[in-house]
Amino acid sequence: MKSIFFHLMPYRDLPADFEERYESIWITPPNTELCDPRKVAQYYQWNLDELELADRLGFDGVGVNEHHQNGYGFMASPNLMAAALARRTPNNSAIMVLGNTLALYAPATRVAEEFAMLDVLSNGRLAAGFPVGTSMDVNFCYGVPPTQTRPRFREAEELIIKAWTQQGPFAFNGRYNQLRYVNPWPQTLQKPHPPVWLAGGGSVETWELAASKNYTYSYLSFFGAKFGKKLMDGFWAKMDELGIDRNPFRAGFAQQICVSETDERAEKEYLEHVTYFFNKCLHIPPYFFEAPGYRTRKSTEFAIKTNQPGAIAAAAALEKNWKTLNEEGFIIAGSPSTVADRLIEVAKTLRVGNLHALLQIGSMPHELTKKNITLFAEEVMPRIRHVWDAEGWTHEWWPSGAANRAVTEPSGAQA
Amino acid sequence: MTTTQSPVDERIVQVGPIAARVLVAGTGEPLLFLHGAGGLFWDPFLDALAREHTVYAVEHPGANVSEDLDHLPGIWELVLFYDELLDTLGLDSVRVVGHSFGGMVAAELAANSPKRVSRLVLIAPIGFWREDHPVPDIAGIPPETLPGLVLADPASPLAAMLTPPADDPQALFEAAMRMASVLHFIWPIPDKGLDRRIHRVSAPVLLVWGERDRLVDPVYAEEFTSRLRDSRLVTIPDAGHLPQLEQGAAVVAPVLGFLAGKDS
Numbered sequence: 001m002k003s004i005f006f007h008l009m010p011y012r013d014l015p016a017d018f019e020e021r022y023e024s025i026w027i028t029p030p031n032t033e034l035c036d037p038r039k040v041a042q043y044y045q046w047n048l049d050e051l052e053l054a055d056r057l058g059f060d061g062v063g064v065n066e067h068h069q070n071g072y073g074f075m076a077s078p079n080l081m082a083a084a085l086a087r088r089t090p091n092n093s094a095i096m097v098l099g100n101t102l103a104l105y106a107p108a109t110r111v112a113e114e115f116a117m118l119d120v121l122s123n124g125r126l127a128a129g130f131p132v133g134t135s136m137d138v139n140f141c142y143g144v145p146p147t148q149t150r151p152r153f154r155e156a157e158e159l160i161i162k163a164w165t166q167q168g169p170f171a172f173n174g175r176y177n178q179l180r181y182v183n184p185w186p187q188t189l190q191k192p193h194p195p196v197w198l199a200g201g202g203s204v205e206t207w208e209l210a211a212s213k214n215y216t217y218s219y220l221s222f223f224g225a226k227f228g229k230k231l232m233d234g235f236w237a238k239m240d241e242l243g244i245d246r247n248p249f250r251a252g253f254a255q256q257i258c259v260s261e262t263d264e265r266a267e268k269e270y271l272e273h274v275t276y277f278f279n280k281c282l283h284i285p286p287y288f289f290e291a292p293g294y295r296t297r298k299s300t301e302f303a304i305k306t307n308q309p310g311a312i313a314a315a316a317a318l319e320k321n322w323k324t325l326n327e328e329g330f331i332i333a334g335s336p337s338t339v340a341d342r343l344i345e346v347a348k349t350l351r352v353g354n355l356h357a358l359l360q361i362g363s364m365p366h367e368l369t370k371k372n373i374t375l376f377a378e379e380v381m382p383r384i385r386h387v388w389d390a391e392g393w394t395h396e397w398w399p400s401g402a403a404n405r406a407v408t409e410p411s412g413a414q415a
Numbered sequence: 416m417t418t419t420q421s422p423v424d425e426r427i428v429q430v431g432p433i434a435a436r437v438l439v440a441g442t443g444e445p446l447l448f449l450h451g452a453g454g455l456f457w458d459p460f461l462d463a464l465a466r467e468h469t470v471y472a473v474e475h476p477g478a479n480v481s482e483d484l485d486h487l488p489g490i491w492e493l494v495l496f497y498d499e500l501l502d503t504l505g506l507d508s509v510r511v512v513g514h515s516f517g518g519m520v521a522a523e524l525a526a527n528s529p530k531r532v533s534r535l536v537l538i539a540p541i542g543f544w545r546e547d548h549p550v551p552d553i554a555g556i557p558p559e560t561l562p563g564l565v566l567a568d569p570a571s572p573l574a575a576m577l578t579p580p581a582d583d584p585q586a587l588f589e590a591a592m593r594m595a596s597v598l599h600f601i602w603p604i605p606d607k608g609l610d611r612r613i614h615r616v617s618a619p620v621l622l623v624w625g626e627r628d629r630l631v632d633p634v635y636a637e638e639f640t641s642r643l644r645d646s647r648l649v650t651i652p653d654a655g656h657l658p659q660l661e662q663g664a665a666v667v668a669p670v671l672g673f674l675a676g677k678d679s
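In order, the protein sequences belong to chains A and B.
Residue numbering for the first sequence follows my numbering, beginning at 1 and increasing consecutively.
Residue numbering for the second sequence follows my numbering, beginning at 416 and increasing consecutively.
Looking at chain B on its own, in the form it has when it is part of the complex:
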């Protein structure tokens, strides 16, 4: 799981006023990947997806060029941005995989353009709010507590990825800018009306949840399964909010199976 098997091509795709950064790798049917608040990094999970698909992993706009966000005041413009990006890439119909915030955006995209999304994988997506399980405010907690919320094993090497070194202002700044570009769309509560639109999704949906996700509690899966026409849920033991990295093999198998249409 650690070696890159296919070369990753970095492309800049002009979408209206925004220059989108897209990592492309693999062969096969096209797959759009939308990342979470941590940012876009080519990781073993994307490698696994690229074994059977041409993966287009898009960097969420605004992390590097703050002005991008001026063009995207809300979730509606963000969804249209992705819709236009797919036009520009010449992809009429795609499989979409989204993690966390990227899962929310993926669900919104599939609700907006149901015919465009053939299969949808949502890994620990946000987009709903339950008073009995409020999603913690990731900006309003001590940074050192983040691994405990996100990872089943906070001592795992993945923890370093979540918290830039406190004595490196530049790294902290870059991380803050990445986070800002996501908070722009979900502040102060990550419920922006998906419940009013999600019924439009026509694609089969696979939900993946870490059993020990303390950021977005697994009870949130109900919010999706109860509203989607065609969905199934896989829960991953010993995983938190990053199951695709914490328990890669356990996530890759059902995801690839579902994307290949073996599970419906």
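The shape of chain A in the complex, shown without the other chains:
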């Protein structure tokens, strides 16, 4: 299994009564009141230091993503962070940009250009994430009509792949992107193009796209494997239905992880920061989650049938004490062996080959984050790295210029 240190880049010093005083962590938390650029200057240094540390310690990838007007992740441009990382990751981790919210960019050639720049700058280490994006970002923050979310995403995806693979200049006559001359300089270093990583919350259409275009899919939620099981079962059922193989590297999942010397110590060190995350960083009113029309009729019907709204409400209503958080799988916490055992179990249950390890959580300070990253790299990663080796699959979606650390043999083991 590949381990990617995925950084959300949260605001680490929200007021203690944030969730009582403000409507939401996303879209409307008033910037002048709550977001001090001097603090952010410090956070950005810490965040990048933490990601660079992960590279040095042998993580397979370092991950960044895009959100807007969001107190738990104000990386409005993940490409800026990825550019910084491309220059300061000598151990050749994959640069996972998960990703650029395609529907926000017209012309979407901007994404084709910036991703190509990153791919070249990193010597072919880019994983190109194409998320549909949340309703909060796409509809509320960027004003895209909900019903245009998916059509814009699909058109952008088509345009970007063409821009990377067809000889330019060519014309593109889309509904949202009309261009006479598509001819980006440069095209990507990886051929035919960087691996595309879809990321989502369980839309049927996204799974179908993953299957038809042979993209990998990462299920990104903060509710852990227990909640994700139904979704990933749906994903694999869809793959079976479409005659796609069960290569676990087709799939990834995000998990909040806290590692310490012992299980007891993990609670002592991390509870405060995890609580901060669940109480403040997930303080989002339901009406922002899904503007009417954001999901298609088909996906909405699937969500109702599988009781997703009910499950989310139930998850949200749970008391977020250490025991529940662990039992429900929202966090995987404890000693290295506890964490490794549970991660292996989760990987097998969901059948996923890519772990987006969330190791900086909420208010977690820099020193503790470094400890978490270090213990994970040194004591957990070696135990989970080979979980899929026995099945003999090839990771077809790993950036070709990135180090392939999952290979135990010194050379040539990967097909």
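Keep in mind the hints are simulated off the structure, nothing from the lab.
Note that the structure is predicted; figures quoted are calculated from it, not measured.
Hints are supplied without guarantee of correctness; some may be wrong.
To be verified - Far from chain B, some chain A residues (derived; all Cβ distances over 10 Å): (1) D17; (2) D36; (3) R87; (4) R88; (5) Y105; (6) L179; (7) N183; (8) K191; (9) F222; (10) K268; (11) E269; (12) S335; (13) T374; (14) N404.
What the hints assert, rightly or not - Covered by chain B, according to a simulated footprint, are these stretches of chain A (three or more residues, beta-carbon under 8 Å): (15) 68-79; (16) 137-144; (17) 226-232.
As the list claims (entries may be wrong) - For each label pair, taking beta carbons as the anchor points, the in silico distance ranges come out as: (18) B/P558 to A/K230: 24 to 34 Å; (19) A/R21 to B/I604: 24 to 34 Å; (20) B/P459 to A/P286: 32 to 42 Å; (21) B/D610 to A/A76: 25 to 35 Å; (22) B/S421 to A/R180: 36 to 46 Å.
Think of the CB as a built atom: it goes at the ideal place given N, C-alpha and C, for glycine as much as any other residue.
Assemble chain B onto chain A, guided by the hints.
Same frame as chain A, now just chain B:
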């Protein structure tokens, strides 16, 4: 006001690729009714209109068949859809009554085809944006606050119509789809250029506004009256954004009078 006096006929009218659902009732001169974001329901107000007109109440496309919206990417195609629908119904000239979003569409239709609209009634129409009175984002507020914005009396039985039960995912889904088909045309701000086109409207216009409309403040009436060639405004006491249902009698009388040409 509560009994249906004329039978309501439901027709499916093919307009290009879209199968439009039209409720038809009454006798007399033809009248096109365009509903707001809540959806199409035969109500006492439509009954009152049907006493003196043949009412064609059209369901806004996209609520039931999402693909309809693919054919209607913007307000221009929506106006052409209604224009073609009137052709298909064989109605050369009609009176048009529109509520809220339907009012905006009615104004656009009358601007696009001025000769086609003989008289126009706009009940609390949207279509403009004033920074001093921003129209609240109905998708970005707690649903339980909606009655307070829409109704003069949020405790009125009409409130139930506005908010489907929270424990009924299917009802919530249907309501969300109806809302989506309207938001498709007005997101994120319901100003799509009506100010550049409204001067083309030649029909006499009656504007009806609830005095206590907290969704689309009555000051918006100025945006219409200042631009229209021939308009008059009736404000309805003790009514919010649904004056035709909250104070039916007070709305029906001036509307029927205006449509009959008694007030000009």
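Evaluated hints:
no., hint, result
1, D17, "20 Å, holds"
2, D36, "26 Å, holds"
3, R87, "38 Å, holds"
4, R88, "38 Å, holds"
5, Y105, "17 Å, holds"
6, L179, "18 Å, holds"
7, N183, "27 Å, holds"
8, K191, "34 Å, holds"
9, F222, "22 Å, holds"
10, K268, "38 Å, holds"
11, E269, "37 Å, holds"
12, S335, "41 Å, holds"
13, T374, "42 Å, holds"
14, N404, "43 Å, holds"
15, 68-79, "violated (count 0)"
16, 137-144, "holds (count 4)"
17, 226-232, "violated (count 0)"
18, B/P558 to A/K230: 24 to 34 Å, "26 Å, holds"
19, A/R21 to B/I604: 24 to 34 Å, "28 Å, holds"
20, B/P459 to A/P286: 32 to 42 Å, "33 Å, holds"
21, B/D610 to A/A76: 25 to 35 Å, "32 Å, holds"
22, B/S421 to A/R180: 36 to 46 Å, "57 Å, violated"
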